[in-house]
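Engineer: Chain residues, written in single-letter form:
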Amino acid sequence: MTAVEPMTAVEIAAAVKSGRRSARSVVDDHLSAIEAGEAEVHAFNLVAAEQARTRAGQIDAAVAAGIDPGPLAGVPVALKDNLCTRGLATTCSSRILDGWIPPYDATVVERLHDAGAVFVGKTNMDEFAMGSSTENSAFGPTRNPCDPSRVPGGSSGGSAAAVAAGFAPVALGTDTGGSIRQPAALCGVVGVKPTYGLVSRYGLVAFASSLDQIGPFAATVADAAAVLDAISGPDGRDSTSIAAPQPPVSDTLDDGVDGLRIGVLAELSGDGIAPDVASGLRAAVGALESAGARVARASVPAAAYGLSAYYLIAPAEASSNLARYDGVRYGLRVDAQSTPEMNTATRSAGFGEEVKRRIMIGTYALSAGYYDAYYGKAQKVRTLIIDDFASVWEEFDLLVSPTSPTTAFSLGERTADPMAMYMSDVCTVPVNLTGQAAVSVPYGVGEDGLPVGVQILAPALGEPVMFRAAAVLEASL
Amino acid sequence: MSTGILGVPGLGAPADTEWETVVGLEVHAELATETKLFSASPNRFGGEPNTHIDPVSLGLPGSLPVLNQKAVELAVRVGLALDCRIQRSVFARKNYFYPDMPKDFQISQYDEPINTDGWLELPSGKRIGIERAHLEEDTGKTVHIGGGGRIHEAGYSLVDYNRAGVPLIEIVSRPELRSASEARQYVAELRAILVAVGASDGKMEEGSLRVDCNVSVRPRGSDRLGARCEIKNVNSLRSLGRAIEYEARRQIDLLSSGQPVEQQTRHWNEDDGRTHALRSKEQDYDYRYFPEPDLLPLDPSAKWVEQIRRGLPALPRDRRLRLAEAAPSVDAGHIALAVECSLDELALAAMSGGAVPERVLTHVVHNLAGGPGQLAAEALADLVQMEEAGELTATQAKKVLAVLVDEGGTPRQAARELGFEAMDAGELEALVDGLIAENPDEWSRWCGGEAKLAGFFVGRAMKATGGRADGKAVTLLLNARRSCESGSA
Amino acid sequence: MGQQRITRAECAHVAALARLELTDEELERFAAQLDELLDHVAEVEALDVEGLAPTMHALPIANVLRPDVPGEVLDRDEVMAAAPLAEDGQFRVPPVLGEAP
Chain A
1 MTAVEPMTAV
11 EIAAAVKSGR
21 RSARSVVDDH
31 LSAIEAGEAE
41 VHAFNLVAAE
51 QARTRAGQID
61 AAVAAGIDPG
71 PLAGVPVALK
81 DNLCTRGLAT
91 TCSSRILDGW
101 IPPYDATVVE
111 RLHDAGAVFV
121 GKTNMDEFAM
131 GSSTENSAFG
141 PTRNPCDPSR
151 VPGGSSGGSA
161 AAVAAGFAPV
171 ALGTDTGGSI
181 RQPAALCGVV
191 GVKPTYGLVS
201 RYGLVAFASS
211 LDQIGPFAAT
221 VADAAAVLDA
231 ISGPDGRDST
241 SIAAPQPPVS
251 DTLDDGVDGL
261 RIGVLAELSG
271 DGIAPDVASG
281 LRAAVGALES
291 AGARVARASV
301 PAAAYGLSAY
311 YLIAPAEASS
321 NLARYDGVRY
331 GLRVDAQSTP
341 EMNTATRSAG
351 FGEEVKRRIM
361 IGTYALSAGY
371 YDAYYGKAQK
381 VRTLIIDDFA
391 SVWEEFDLLV
401 SPTSPTTAFS
411 LGERTADPMA
421 MYMSDVCTVP
431 VNLTGQAAVS
441 VPYGVGEDGL
451 PVGVQILAPA
461 LGEPVMFRAA
471 AVLEASL
Chain B
1 MSTGILGVPG
11 LGAPADTEWE
21 TVVGLEVHAE
31 LATETKLFSA
41 SPNRFGGEPN
51 THIDPVSLGL
61 PGSLPVLNQK
71 AVELAVRVGL
81 ALDCRIQRSV
91 FARKNYFYPD
101 MPKDFQISQY
111 DEPINTDGWL
121 ELPSGKRIGI
131 ERAHLEEDTG
141 KTVHIGGGGR
151 IHEAGYSLVD
161 YNRAGVPLIE
171 IVSRPELRSA
181 SEARQYVAEL
191 RAILVAVGAS
201 DGKMEEGSLR
211 VDCNVSVRPR
221 GSDRLGARCE
231 IKNVNSLRSL
241 GRAIEYEARR
251 QIDLLSSGQP
261 VEQQTRHWNE
271 DDGRTHALRS
281 KEQDYDYRYF
291 PEPDLLPLDP
301 SAKWVEQIRR
311 GLPALPRDRR
321 LRLAEAAPSV
331 DAGHIALAVE
341 CSLDELALAA
351 MSGGAVPERV
361 LTHVVHNLAG
371 GPGQLAAEAL
381 ADLVQMEEAG
391 ELTATQAKKV
401 LAVLVDEGGT
411 PRQAARELGF
421 EAMDAGELEA
431 LVDGLIAENP
441 DEWSRWCGGE
451 AKLAGFFVGR
461 AMKATGGRAD
471 GKAVTLLLNA
481 RRSCESGSA
Chain C
1 MGQQRITRAE
11 CAHVAALARL
21 ELTDEELERF
31 AAQLDELLDH
41 VAEVEALDVE
51 GLAPTMHALP
61 IANVLRPDVP
71 GEVLDRDEVM
81 AAAPLAEDGQ
91 FRVPPVLGEA
101 P
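Protein chains in written order, with our numbering: chain A, 1 to 477; chain B, 1 to 489; chain C, 1 to 101.
What the hints contain is simulated information worked out from the structure, not anything from laboratory work.
We treat Cβ as the ideally placed atom computed from N, Cα and C, and that holds for glycine.
Heads up, some of the hints might be wrong.
Computed from the model, here is a short list of chain C residues facing chain A with C-beta under 10 Å [unchecked claim]:
1. Q4
2. C11
3. E21
4. E26
5. F30
6. H40
7. L47
8. L59
9. D75
10. V79
11. P84
12. L85
13. P94
Derived list of chain A stretches under chain B, where covered just means 3 residues or more per stretch with a C-beta under 8 Å from a C-beta of chain B [said to hold, decoys possible]:
14. 96-108
15. 358-368
I would like the entire structure built from these sequences, with the hints used as guidance.
Structural biologist: This is the structure we're talking about:
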């Protein structure tokens, strides 16, 4: 469905820097692809065509003047619509932020800009990143480019679809409970959830502060690495940013997995995993073994409680993070006789059903009399999960599991049953609770011909080793 | 509700033979930082509305708080000055909707505050326990338009977030104050400490120091606390005293007439001198406190705390002690005032130069209200010594002092320029003899017993010398001349 | 499903705390869905986590501080242009009805 010649981000940057391709022509190709395919996919809330062309012109001028525009020179990037972009509407796919134009850029946006990237638009998502199918968007669902009757996954479904459809070689998403990895798996692209604190959250509209992390989508592992290297690193504007600079993952991509100890995470690879997904995982394990890794079964018993802890912690933090949408300072206001009534009218009209449901859960979990039983307990379960993983990391360098229990499901299939939708995150949430790194790598297709994703988990700051394994899987296909 | 005694608010003290007033205070002080608690916009009083704001203090989506190191240092200074335990602390979110709060939650410290378990000593020597002194962010300001500016009758309101995010330290006392007067002393002393350690400017009138008081009463001798009322909107030391006295009397009146005191929040009205019920405490709001996930725990190292301790200036209590030791005969009130005006160092330095403590403190308390200006300690010491030696009259000394404050220099030089050089005995005698000769009528009437005419001669002498003549010396000379005349007659 | 964990009245109270107005139908549905979720997460209630410290952050770090140096402020006109209703450089809101709780 794409007219763009399949150049990777790394190739584009090299071509633009050397003058073999102009950034402008690269951007024009991608804008044409968007024009051709967007009506069906609906990956974007906003396509910033004019701005992208202007920016591409600047990159070309820099190259002509002998200035290096940076490692992502002229690379089109799609940004999830919960990343603040100065002068460009940022909606989180919510009516409550409809029309809001941030007066500042997120740190990741600044860094990509400084690396020479060209922003092509803001991508659709589940409202405030709450969802696993991108159906909870105030602006309508995104469809999976592999099969438009299927969801792209979520909440970063727009970014995953944009890369899968060739609208941009790379995109940024955010991952609170699997919102990068699961759509990456469902759309057949690479999706990275970095270690908590590796990428600054400044300018990311918060869902659940202690779990949110920004990461890249890409068609290739090397492209994902290049984007991660550009956006990661210390930031004084985010207290939870890791202060020590980390080595670039791109430098060791080709180092292989010979001698690495890799565990198959039992608790996330058994019950409830569709047979075709399970066979995809087995194939991946075979490829890692062939490349010299020592593979064994690994057990993290507490990981089984991840989903329960997650569905208490994330809504609790969200209920507080989303209080500010009250109709006073920005965004939607539904007028009423008094401020309390105005707040209520605005929030009731501005938030969609899933957001309201999570605010309700979170408010309840934090309320007097229930805090200890729910939120307090969940934070202790979180400790239990971290401790369990810690002992497994003594035996293994990496773990693998499916990314999603199933391949892409049909639009509307799970919208009526919130619990069924929540179960989509079962394999991905433990990593958010522990702050560890994980990547989803496409590995073959299921019985329906739709992509299967394999998740590779690494301990905190284990990205370099994790990317080596991802590169091995990619090369084995 | 019974009116009776309540109709005359603030009249006299409660019947303290039967009832005891119990007061606990929550003092909020704005910390004297350059920037806000969690962001880099300026912490500055006044200014055009909504000009001291950044994404964080406006609570914009995507913004994140980062803790101000200076605010932590000032909080530790306060903790040390109040002899608190400085401990690992955690910020929490206090969730409630109100338009002056940009995020609709306030970042505060809840069950793990930075400072706990300290005390403050009143000038009387009584120690008041400090439960905690924690960091939190201030809210913005709401102005009510229409309805006379009253919150319940306003047509609409306007919100200014300049103050939002300004660092506050909230100092919570134990309920160990026993009168309005003690409460005033406590706040005055706390303010002096905050100013001394550089934590706050302590200006109640600009709202940088705000006091909420919890008042209850109980039968004298009881060790149980009665139902308490929290009083808000107390904006000066004077209203603090009035509000507590009124509230204690109201509660005593209720209890005396067999009615219970309802636990509630009340608003002090400066105009009618009463407290008015705001809301019942039974409707306790559910703030859903939980640890702020965007901030990490704060755990000041022992080394840093020690470094801050070493940098602490002498506290008002220590300074009063030191000054009182150097000037044992001086009234305690003058000592306290000198310390409060930060003139104790100057006074001590002057006294160490040999100046008489009483005279030094008199000048400090009465003549240096506007600050010491250019006055050097040695100059003050010399001035007092000239006064003591009779080279300057009290009036002259005051004038010389004013010059020293304005221009600096030595008192001798200033006295010379003012023409205050003491007259020698011969010059003064000649002057007095001349006056007697020029005014024979007055002279004989004075000699005849019209005592008030002494003033006439002193006045003339002053006028003739431009104030250089010492009135006492003139009177002595007049007396001497009269006895000579009567002796020779 | 076991005993009902959240009543409709509790659900309405929580909605009021969160400043959400729910229709009767929404209230009914949310109460049932919350109940189902709480039933599911009940597995954590049964876990023995006695003696474990709660994890607030996955990062074991503390004392992240910034120097007290003024930075950029927002342009007031830009900020007020985004306000639903503004007057004299301030945010205008309907009557607030009372003091903060």
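Engineer: Please go over all the hints and tell whether each is borne out by the structure.
Structural biologist: Do the hints match the structure? See the list:
no., hint, verdict
1, Q4, "14 Å, violated"
2, C11, "7 Å, holds"
3, E21, "4 Å, holds"
4, E26, "8 Å, holds"
5, F30, "6 Å, holds"
6, H40, "6 Å, holds"
7, L47, "6 Å, holds"
8, L59, "5 Å, holds"
9, D75, "7 Å, holds"
10, V79, "7 Å, holds"
11, P84, "4 Å, holds"
12, L85, "7 Å, holds"
13, P94, "5 Å, holds"
14, 96-108, "holds (count 6)"
15, 358-368, "holds (count 4)"
Consistency with the previously given hints fails for number 1 only.
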